[in-house]
Amino acid sequence: MSNYDNTTLIAASLKKRYARERRFQWYGRFAVFIGFVFLIVLLADIVSKGMPAFTQHFIKVDVTLDADRLGLPENPTQQDYFGADFGGVVKASLREMFPEVSGRGDKKQLYRLISVGAEYDLRDHLMANPELVGTTQSIWLRAHSEAGSYLKGQVSRALPEADRKVKDIQMDWLDQLRRDGRTQSRFNTVFFTAGDSREPELAGIRAALQGSFFTLMVTFLLAFPVGVMAAVYLEEFAPRNRLTDLIEININNLAAVPSIVFGLLGLAVFINFFELPRSAPLVGGMVLSLMTLPTIIITSRASIQAVSPSIREAALGVGASQLQTVLHHVLPVAMPGILTGSIIGMAQALGESAPLLMIGMVAFIMDAPSGVTDPSTVLPVQIFLWADSPERGFTEKTSAAIIVLMGFLILMNALAVFLRRRFEMK
Amino acid sequence: MMQGTENMGSMTSVAIEAETVETDSRETGESRVLQLQDQDEVRDYVTIGAPFVDNAKMAARNVNVHYGEKHAIMDVSLDIGKNEVIAMIGPSGCGKSTFLRTLNRMNDIIAGCRVDGEITLDGEDVYGRQQDTVMLRARVGMVFQKPNPFPKSIYENVAYGPRIHGLAHNKAELDEIVESSLRRASLFDEVKDNLDKPGTGLSGGQQQRLCIARAIAVSPEVILMDEPCSALDPIATARIEELIDELKEKYTIAIVTHSMQQAARVSQRTAYFHLGKLIEVGGTKDIFTRPRHQLTENYITGRFG
Chain A
7 MSNYDNTTLI AASLKKRYAR ERRFQWYGRF AVFIGFVFLI VLLADIVSKG MPAFTQHFIK
67 VDVTLDADRL GLPENPTQQD YFGADFGGVV KASLREMFPE VSGRGDKKQL YRLISVGAEY
127 DLRDHLMANP ELVGTTQSIW LRAHSEAGSY LKGQVSRALP EADRKVKDIQ MDWLDQLRRD
187 GRTQSRFNTV FFTAGDSREP ELAGIRAALQ GSFFTLMVTF LLAFPVGVMA AVYLEEFAPR
247 NRLTDLIEIN INNLAAVPSI VFGLLGLAVF INFFELPRSA PLVGGMVLSL MTLPTIIITS
307 RASIQAVSPS IREAALGVGA SQLQTVLHHV LPVAMPGILT GSIIGMAQAL GESAPLLMIG
367 MVAFIMDAPS GVTDPSTVLP VQIFLWADSP ERGFTEKTSA AIIVLMGFLI LMNALAVFLR
427 RRFEMK
Chain B
46 MMQGTENMGS MTSVAIEAET VETDSRETGE SRVLQLQDQD EVRDYVTIGA PFVDNAKMAA
106 RNVNVHYGEK HAIMDVSLDI GKNEVIAMIG PSGCGKSTFL RTLNRMNDII AGCRVDGEIT
166 LDGEDVYGRQ QDTVMLRARV GMVFQKPNPF PKSIYENVAY GPRIHGLAHN KAELDEIVES
226 SLRRASLFDE VKDNLDKPGT GLSGGQQQRL CIARAIAVSP EVILMDEPCS ALDPIATARI
286 EELIDELKEK YTIAIVTHSM QQAARVSQRT AYFHLGKLIE VGGTKDIFTR PRHQLTENYI
346 TGRFG
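Taken in order, these protein sequences are the chains called A and B.
Numbering (the numbering used here) for the first sequence: 7 to 432.
Numbering (the numbering used here) for the second sequence: 46 to 350.
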């Protein structure tokens, strides 16, 4: 009797319960979908904006390498090459290609087809091949970034002339050059070999990459050993009392401190008090290691805690000392977790810009730093600087640098996954 | 802890039941002891039987253990004779494991654990100032409830102890120790071709024998076993029990077990613990055939536990 009642009651409620479950699953699917769409949109936007930056246009110019015009003596020394007037020769060659151009304004527009860096490329080319002096050569010269963006199809003629940097007359010349087969798109090597520049076509991320590398190296060398040691001590050796509780709370709070505060601390302590060099990866790395330390300590403690107590007992049971237990048994088992946490902390540090702005790593750096005390900048700050520039050429550079930065972040996360798998298989 | 409270509940009912049973032919004062719900009532209790022996390897005198507020072991005095197997039995939460772990100071690593009283190994104070825990644990080895091989190769598992203590002078000596330990744990024939395979890949019974091999590789004088067969099937259990029988020729063994049959099979003496108190100690045969205390009888006849 009562059984029958229960069955009907349960049956009545079942439908409602299952409906609720289905609804809940749909909420979840919707949330995942939204997140995924945002990710795709972001990636598509950055990639579509950044890909053009990996190519660069060159224009073939017939250059007459006359020694007199260059101002080169016979058997020129290196000094002579540096003093030679390559710029004038390039301009003259352009005038010869478009003899109908007259008037100062138009000539200026003509010269602006070619990058200001072209004369240095020409100089290097000639220094490598001194026998070319006195001949006329067809040489591919780097295009100016505005001309390049027209050739890449980024500027439309439909736009009013006043609103664009590439003028109608330049467009006509470029169209003609293209018809003559005198334009070419090449892979942009400068982007990976040069430092920052005022000219977008000459700007690269080499200096920023190297700065990031040195900064992260300092961060890792400071934060990893200190973080792991602190975690091991707090987890394995420290007595549980008010003092260690206080330390634990503070470490947890430190992880939540805004990064710019660490930048201010670095400015006040490392630069103003200890008088370490400004804009240097050394200071940047120290500041970032302060920021990364709590992450490393917390994740390391968690993975040390996760090591089964039976392993500790086993080691102590055969008479291992506490240090031997930790070094031989606990740490190897906890290592994948510790490494994952550290790499994620490092990836965070790689993407950090705010604290580095405070300590002057926001400088315009043309030469790649060769050590941790040279002035330098880092990738995210370089992105910040380029994003600030009005030239169209820097817009695509910004996205390209973001692509490179994200590439490194993905690489580091993949490394974390790889290390974890590897250690876990053992 | 949960188990402890559960047992308290069932204990109360047992006590009430026991009260109604007329048991006048036993020791005095037992009607009071039968109502052992309250630890205060147990405090003055004196162990029945023969806790002391002539050739004691280890001796505990008036040992009390506290975990913070909880009084886990009350005034336990017990000898462990040389080359004997002594079994410790009793319901969950009775303190038998805790007592075992005080013998090689494994309780030291538990925060808030305090041990009072005196425990000696060959007359040396285990808790004395001069006592080094590393040395102590090398002399008093331990096998745990759950097989816990290191996540390393079988060879490394056994070689670890001798290596950290510097017991072998070269690779050949170490190889010999590993082989003889595995042989004595009757595991060698099964694993001799796979010594470099991970110890965690063995079956549960093999893992436990590996842990025994690891313990005897250090040549301890006493081996403590904390329910070594509770995670094993009957066949693996039988092999471990055979092994214990062989090992007692060389070692002194204290074993905690939940299985009364196991205690009866492997041990020469048996100690019955109840609520942190050592109730009765005696020859295994006597305990299982002629228990003198009502609680012991209730436990071994399966009325609670």
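Honestly, the hints are just simulated from the structure, not real lab data.
Don't take each hint at face value.
When the alpha-carbon atoms are kept at most 16 Å apart in a straight line, the in silico EDC-like pairs for lysine to aspartate or glutamate are as follows [said to hold, decoys possible]:
| # | chain 1 | residue 1 | chain 2 | residue 2 |
| --- | --- | --- | --- | --- |
| 1 | A | K113 | A | E102 |
| 2 | A | K113 | A | D174 |
| 3 | B | K242 | B | E201 |
| 4 | B | K191 | A | E102 |
| 5 | B | K197 | A | E430 |
| 6 | A | K97 | A | E137 |
Just so you know, these numbers come straight off a predicted model, no measurement behind them.
> Any of the earlier hints contradicted here, and which numbers?
Replying inline: 4, 6
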